[in-house]
Amino acid sequence: MKKLSKLLLALTFTLSITSSAFAVVVASWGGAYTESQKLGYGDPTAAKLGVPIDWVDYSGGLSEIKAQKEAGAITWDIMDVFAYDTINGCDEGIFVEFDFDKDFPPAPDGTPASEDFFTDMPSKCAVGNILYSWNYAYNSENVKGTPKTIKDFFNTKKFPGKRAIYKSALTNLEIALAADGVKMGKGGENIYNKLEAEGGVDRAMNKIKELCTDPNGGCVFWSAGAQPPELLMSGEVVMATGWNGRFFNATIGEGAPIVQVWDGQGLDYEYFALVKGGPNEADAKKALAMMTSTEMLAGSAKYIAYAPWRKSSIAVMEAGEPWYKDGKTNMVPHMPTAPANLKSYFLVNAEYWADNGTELGEKWEAMKAGL
Amino acid sequence: MSSETKKILTTDGIPLEESLKKSERKNKIKAFLLVAPLLFFLLITYVFPIGEMLFRSIDDRMVSKMLPKTYVAMEKWDGKELPSEEVFEAFYLDYKILVENKTAGKLSTQLNYEKNGFKSVLKKLARKQKKFTEGNYKEQIMAVHKRWRDVDYWRAIKRRAPEYSYSKYLKGIDMYENEDGNIVQVSEDRRIHRILWTRTLEVAFFVTVFCFLMAYPIAYLLATLPMKYSNLLMICVLLPFWTSLLVRTASWMILLQQQGIVNDFFVFTGLVADDNRPEMMYNKTGTYVAMTQILLPFMVLPLYSVMKTISPSLMRAGKSLGGTPFVTFFKIYFPLTIPGIGAGCLLVFILAIGYYITPALVGGASGTLISNQIAFHMKSTLDWSFASAMGLMLLAGVLAVYWVYNKLVGIDNIKLG
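Here the protein sequences line up with chains A and B, keeping their order. Take the first sequence: its letter number 215 is residue 367 in this note's numbering, and every next letter is one higher. Take the second sequence: its letter number 406 is residue 396 in this note's numbering, and every next letter is one higher.
Do not take every clue at face value.
As the list claims (entries may be wrong) - Computed list of lysine-lysine pairs in BS3-like fashion (alpha-carbon distance at most 27 Å, straight line):
#1 Lys114(B) / Lys276(A)
#2 Lys86(B) / Lys221(A)
#3 Lys361(A) / Lys105(B)
#4 Lys114(B) / Lys254(A)
#5 Lys86(B) / Lys276(A)
#6 Lys428(A) / Lys96(B)
#7 Lys118(B) / Lys254(A)
Stated by the list, open to error - Covered by chain B, per the in silico footprint, the following chain A stretches (three or more residues, Cβ under 8 Å):
#8 207 to 216
#9 243 to 255
#10 373 to 387
#11 515 to 523
Note that these hints are calculated values from the structure, not bench results. Predicted model only: the values in this text are computed from it and were never measured. In this text, a Cβ means the ideal position worked out from N, Cα and C, and glycines have one as well.
Based on the sequences and whatever the hints tell you, model everything.
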């Protein structure tokens, strides 16, 4: 039975390999994001290396690559994944473990790669790509006054109206505790300590519940990244959490009256992982090292408001301002890692979520069911 | 008396019976060859994956193979208090091998399904165990992380001992088998699956009812109007059917939201005050409206195809025999449409029970259905055995509906056209 299923899966996957036998295949999220990757560092790397790089879309998660591996017909070389997935994929033996400073080039000034990257990697199989932010924004035409802090997001007396929050518990628990008066600590350490302590999770859930059942407040749960700006613009909600790149697009790209608030932002990351036993592993490794070099990472920020992982990339951007593709917008202030935006933030703790994700998910859904 | 009768022979001397059988066999083989591709197709696309799912949902050999010594040592442990030194030592020895073979990650994933919090603890143990000295492993392991002093974690390991188990099915209805072998409920704040099951059934049921109520008159009109009008109406039914599901869901969002077109219209006509716009989305109303519209064609089409075959003379006959329109409808017309109703309702119900994009987008807090949970375990946690178990439970639910329908109406009484 197992054999037959392998054969079947192998058949389907070999059929899906077409002309790209010698290219490096990168699976990423598609849309404007992949566009920025392709233009920012994909194409320049391919030109330098002389190996074509093909971008294929996938919708996240490791189920597809796991199926490919079980079938013995892997078609992807590199994957663009969440921290959580690099941990799981590393544990499952799907990805290659890196020798970080040996596998990735140092910064132009000679700083080794491991120090040039903004933080440590969540697993040995990950190399950083972009940093993005879970922050919140409001529509300045619908809100009286100016919300400035994460507490204001939960303050329905001062700013009445519905809020849009992410459909699952991820980052919601963190901001709830921060708004409830818990100090962030270094990179949000304190928040996660509180969440691990007795009663911490309940405290966070209650804070959310309070907001959602408040007659002056109320919650809309968003699931797709395009929803928060849309909900703000239509006036459906007065404030919404979301991904900073989406808010940036709405404000700079479309001229919407949307203002972002960086206080209490959650910094999250995207990573590249190298698939073990991919069709073109050797070339993929070279391409990956090149794509994550200082210049190349800075390139993608020309097209989207996500910050390159390397600190040295920011210097490249600063020297080249206005960096955004429209030729007039300075990009560095819009980066989640700009010093002005980093006054109070937490780093989304992938290990905590890998550990507790399922249980918290169940509690979260049970809480939502009682709303 | 001899029972022997003379066999009838064909011209070439072979008994007729045999010759007949021979030619029939040929025909049978031919017939089989004709259906063989379909059979093969069904086998590999339907029977086989379901068999694999069933197997996956009960197969738990991976963990037992990874911790052989531990489970031998655990046989004597009653699960009441922390296990003895012997168990700790066996666990350390097993785990050491896993770390050396670089398969420790898989164990941590599996145990994390059983009890959250194992991942980081095991990872820490993998780092620290290299410096362990011989003897007194209990103390050494417990010193690595405080969770090793929590008997719950050891119970969780013990629960994974059997090679085949139905525990994933129990988990699907928020139950588990505790250390005394009793089947009990999980703690109250984690009972989510049963809520999701009932919610899924409820949504599917009401969507089916609404679809039926709306589709019946439409199908009737389609079947009875003159051709030129019914064609136009048919296009109206089919056009949304050909439009992408996401586009339709998104357009409902534009229509139904508080600042949306429908509400604007209400305010414009003075039905509601501007600051008191009703919420028609991000709640159950939105789910029902959008799903009913999306699934409507699946009800209209079978109803239409059945109604088309009902001769109008039957109704006329009923009326001429003195029946009021009401009586003739319920005595004659309605019973004749039951095969179509059955087909439509089953179709809509089965589709609705597995739906999730639409409720997730327009359903708000109640927009999570059981299929979202299955997708979550397929894609994020990679707990495919639990996802398989829930998938099979969903399938069993559909089969149960099918069975009830068969008992009530009879499955022969179903007609798609």
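Outcome, coverage of the segment 515 to 523 of chain A by chain B - at least 3 residues whose beta-carbon is closer than 8 Å to one in that chain: holds (count 7)
Lys428(A) paired with Lys96(B) [C-alpha distance capped at 27 Å]: 16 Å, holds
Need the status of pair Lys114(B), Lys254(A): alpha-carbon distance at most 27 Å? Since the Cα atoms of Lys114(B) and Lys254(A) sit roughly 25 Å apart, the hinted pair holds (cutoff 27 Å).
How does the coverage statement for the segment 243 to 255 of chain A fare against chain B, requiring three or more residues with Cβ below 8 Å from a Cβ of that chain? holds (count 3)
Take the C-alpha atoms of Lys118(B) and Lys254(A), compute the straight-line distance between them, and say whether it is at most 27 Å. It holds: about 25 Å lies between the C-alpha atoms, which stays within 27 Å.
Given hint Lys276(A) paired with Lys114(B) - CA-CA distance at most 27 Å: Given that 27 Å is the threshold and the Cα spacing comes to 14 Å, the pair holds.
Please count how many residues of the segment 207 to 216 of chain A have a CB within 8 Å of a CB from chain B and say whether that reaches 3. holds (count 5)
Under the criterion that the straight-line Cα-Cα distance not exceed 27 Å, is the pair Lys361(A), Lys105(B) satisfied? Cα-Cα ~26 Å, so holds.
How does the coverage statement for the segment 373 to 387 of chain A fare against chain B, requiring three or more residues with Cβ below 8 Å from a Cβ of that chain? With 5 residues in contact (Cβ-Cβ under 8 Å with chain B), the coverage given for the segment 373 to 387 of chain A holds.
Lys86(B) paired with Lys221(A) [C-alpha distance capped at 27 Å]: The given pair, whose Cα atoms are some 26 Å apart, holds under the 27 Å limit.
Starting from Lys86(B), check that the Cα of Lys276(A) is at most 27 Å away, please. At roughly 20 Å apart (the allowed maximum being 27 Å), Lys276(A) and Lys86(B) satisfy the hint.
In the structure shown, no violation is registered for any of the earlier numbered hints.
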